[in-house]
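Asker: Residue numbers (the working numbering): 1 to 107.
These are calculated hints, taken from the structure and not from any lab test.
Worth double-checking, as some hints may not be accurate.
Stated by the list, open to error - Calculated lysine to aspartate or glutamate pairs in the DMTMM-like style (CA-CA distance at most 25 Å, straight line):
| no. | residue 1 | residue 2 |
| --- | --- | --- |
| 1 | K67 | D79 |
| 2 | K78 | D45 |
| 3 | K43 | D58 |
| 4 | K67 | E81 |
None of these values were measured; they are calculated from a predicted model.
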Amino acid sequence: MLIVNIFQFRFLQNHIASTIGVVILLAGLGTTYIGIKGVPSYKSDIPSEIAGLQVPRDSVHVAQGAKIATLLCNECHKDHETGKLMGNIMPDLPKAVIPATQPILKQ
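Construct the complete structure from the given sequences, taking the supplied hints into account.
Answerer: Quick look at the structure:
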């Protein structure tokens with residue numbers, strides 16, 4: 001009975017070691033692929049009305065923008081090391097958020 005238990009233990013040990021080895025191999029292959037091909041980038045077509053956007057830089061607009069950024073953007077886009085917002089234009093911005101940004105974008 002003891003011999004069977006030792007055999008089962010060794011089989012389980014070999015199976016776990018093989019699984020860990022396969023996971024490490026796949027992670028290495030994925031890392032190598034990204035290292036060779038690079039991180040994917042996508043063409044960004046910025047609409048002309050946004051590309052040429054000029055927003056007044058007075059204290060009222062700055063305060064309004066800071067409030068909107070605090071409410072909508074900071075959670076996902078704030079770099080905690082620098083304290084600055086990072087990221088790209090979000091074309092998939094929910095329609096519920098768009099009315100909050102319209103006064104700034106129209107000026």
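Asker: If you draw a straight line from the CA of K78 to the CA of D45, is it 25 Å or shorter?
Answerer: holds (23 Å)
Asker: Given the hint that K67 pairs with E81, test it: the Cα-Cα distance must not exceed 25 Å.
Answerer: holds (21 Å)
Asker: Does K43 pair with D58 here, judged by a C-alpha cut-off of 25 Å?
Answerer: violated (33 Å)
Asker: Within a Cα-Cα threshold of 25 Å, do K67 and D79 meet the stated pairing?
Answerer: holds (17 Å)
In this structure, the one hint that does not hold is number 3.
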